[in-house]
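K.L.:
Whenever a hint applies, use it, and build me the whole structure from the sequences.
Number of protein chains: 2
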Amino acid sequence: MTPFLQFVLVAAIILFAAKVAGYVSTRLGQPSVLGELLIGLLLGPSLLDLIHLHIFTDVHLGEFVYEIGELGVLILMFLAGLELHIRDFVRNTRVSFFSGSLGVIVPVALGAGVGLLAQMPLDSALFLGLTLGATSVSISAQTLMELNVLRSRVGLGLLGAAVFDDILVILFLSIFLALGSGGLTPTTVLPVVLRMVLFLALSMGFGLWILPWLSRRVAVLPVSQAALSFAIVIMLVYGLAAEVVGGMAAITGTFLAGLMFARTPLKAQIENGLRALGYGFFIPIFFVNVGLAVDLHLIRVETIWVMVGVILVAIVGKILGAGLGARLSGYSWLEALQLGIGMVSRGEVGLIVATVGLDNGWLSREIFPAIVTMVLVTTLITPPLLRATFARKQEASKPTEVMTNPPEAPVETLESKS
Amino acid sequence: MTPFLQFVLVAAIILFAAKVAGYVSTRLGQPSVLGELLIGLLLGPSLLDLIHLHIFTDVHLGEFVYEIGELGVLILMFLAGLELHIRDFVRNTRVSFFSGSLGVIVPVALGAGVGLLAQMPLDSALFLGLTLGATSVSISAQTLMELNVLRSRVGLGLLGAAVFDDILVILFLSIFLALGSGGLTPTTVLPVVLRMVLFLALSMGFGLWILPWLSRRVAVLPVSQAALSFAIVIMLVYGLAAEVVGGMAAITGTFLAGLMFARTPLKAQIENGLRALGYGFFIPIFFVNVGLAVDLHLIRVETIWVMVGVILVAIVGKILGAGLGARLSGYSWLEALQLGIGMVSRGEVGLIVATVGLDNGWLSREIFPAIVTMVLVTTLITPPLLRATFARKQEASKPTEVMTNPPEAPVETLESKS
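If you read the sequences in order, they're chains A and B. Going by the working numbering, the residue at position 66 of the first sequence is 68; the numbering climbs one at a time, nothing skipped. Going by the working numbering, the residue at position 225 of the second sequence is 227; the numbering climbs one at a time, nothing skipped.
No wet-lab data here; the hints were simulated from the structure. There may be inaccurate statements among the hints.
Under 8 angstroms between C-beta atoms, here's a sample of chain B residues computed to sit facing chain A [what the hints assert, rightly or not]:
no., residue
1, Phe18
2, Thr28
3, Arg389
Being a predicted model, the structure only gives us computed values, none of them experimental. Positions of the beta carbon are idealized from the N, C-alpha and C atoms, including for glycine.
P.N.:
See below:
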């Protein structure tokens, strides 16, 4: 088979498996994303190792599936932004700041404690803590969309806190790198801050003033799917600019792009098309690929206690820190717990930080599988935990909503309520 | 930039350029596909060589863009099938057979004549003829969809003839390969025929009897975009099966899949989603990539006369052969001309055949650029020629239709007329 036909076969298998697993998952009362992550784990190197079966001779196949999946998570975060009003978001600055900051600081401190207990030197212990700081909000955003609560106080606080989390972790990482390469001076960290400010200023300025004007012009163009292609191009540019200009995560950029499009007349035109593009093809491939990237064989018995410690601290630290931040901002205990749980999932950001630590000698090869397992466990437990804490509240008021509302159309429901 | 970010940048540039070029093209009264092909030519190695700019360090970038584009042409042919009724198609078997067969035989004969005039040995001359036989119907299908005439007699005859064309060229190619490797016996060609029959029987059987039953079950599943993902999976499997089981082109498979889905209750559910997926992202990348693959620097002055001969024979032979077939089946002279022109575009199938000839020594390196140029010229002239022959008829009855109907919604118009 040609490389393209190999990709066609893999894509068909992954898409089919994802939808079946998502269906089984919702039948069992769980968010579909949990099933998609688990089926990815089964198809990955831990069990079947689909991509390395002998019929797949193309060595770039895994890379191609990864890039399709990455497009999926860009679309996912764009859709999350598209469901919000920037107004709601500005109202939640306080909780975003407190939950975002404490949600980084507490796990970093506790993680460093685990490192010191395991007799690591101080800088390695601190870096281990830092890998526990980074939240990856995509899994939670998907779960909250499925539960129709993305635009609740908890959902809005969570998304805002994730942006602060991203900013803070990158700042800490740049401080670390500066310390490693000679010393911490204003000239080593200042550029990092300036790039972030520059990206945020440019993207907000363009989005608030130029985008609405452009959108009105694109809306009337006699070109097939002009609005949708325009939105995709802007989304890709925001994602790219977040990384290249801001030094931040691409998903932070596409989330902002979605937030900006929510204010334009194009919103209604692009929403269905992006859901089709996202949930029909790209996003399931992303979730399955998260599982595909995990190899459970890497878990070592020798380091099992450090691993358990890292995982516990990752979960408890995040819930404590982010939850405390929410409580300080006037959220109820239940809301604070929900927001804290929503921040638990780590995903790829934690792995990227860990890789930097490995390359610079702060983390050892022995500790790495513990971090991979931590990312896996926190990612897998977030959807069912979120579901559980929201179910209690939902079952009191409208018990069947989660089952009868298709996950791709939560906004309509929420807007008719508000 | 990481390989993924490089792809994000290239995809944003290609998508933006495609839509702008398509818009300019329709403004000038041409099908948008012409603009997309031409902008691809400008972005390709002939002028800008976008993918090899120094910022793009990922060596697989071109391959990735190619694979995204290939998904686009699979979706394009699926959509073409989805717009038809299998009934219409069966009624046109006669014209499909005559136009498909004569549309291969006449250019093969004329092409062999050019080869003999250029003093090539008989087998090389015949093989040169064969490279002129293969039609690539995707460009014409897109143009006819834009002109809202895909379901006219000409459109139906064209699509049917393209299937026969595909079958015949593969048969001739296998005969050639059998002759090359020792001799033509029934045992060398029979497997080729059997594989085609097997694929067609399996795909029609599944599509006519099992797919409608499956579709009714999928239609009620509480999974996000279940119908769309299901259609994509079936489409991919049909495309794969066409190549792997039938030895035919993947687009013949996805066209059949679309034809089968047109009879199911899912048609209405999947149509908008597939248009969004196709025209919003994948299909423009396909058309631009056709241009990206062409390098005009390969044209050599020494072989310019052979090149001119090949191009002339490719155009005239196809129009004569396919048109004669249509005329024999009772089409009017204008319809026969339109169908003949619709078969002119060669695309990748011609290049694939030419590569086989190169690898087996029937074609020389000197003749290859002539064939590439032939593919380019036939692909570029097909949309404006089709537009011109249809415009005369359309302008008499409804002069503004082409401009006011968005190209992505032709079926509704056609169905309300019939």
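K.L.:
Each hint: holds or not?
P.N.:
Now for the hints, and whether the structure bears them out:
| no. | hint | result |
| --- | --- | --- |
| 1 | Phe18 | 5 angstroms, holds |
| 2 | Thr28 | 6 angstroms, holds |
| 3 | Arg389 | 15 angstroms, violated |
In summary, the structure is inconsistent with hint 3 from the numbered list given earlier, while agreeing with all the others.
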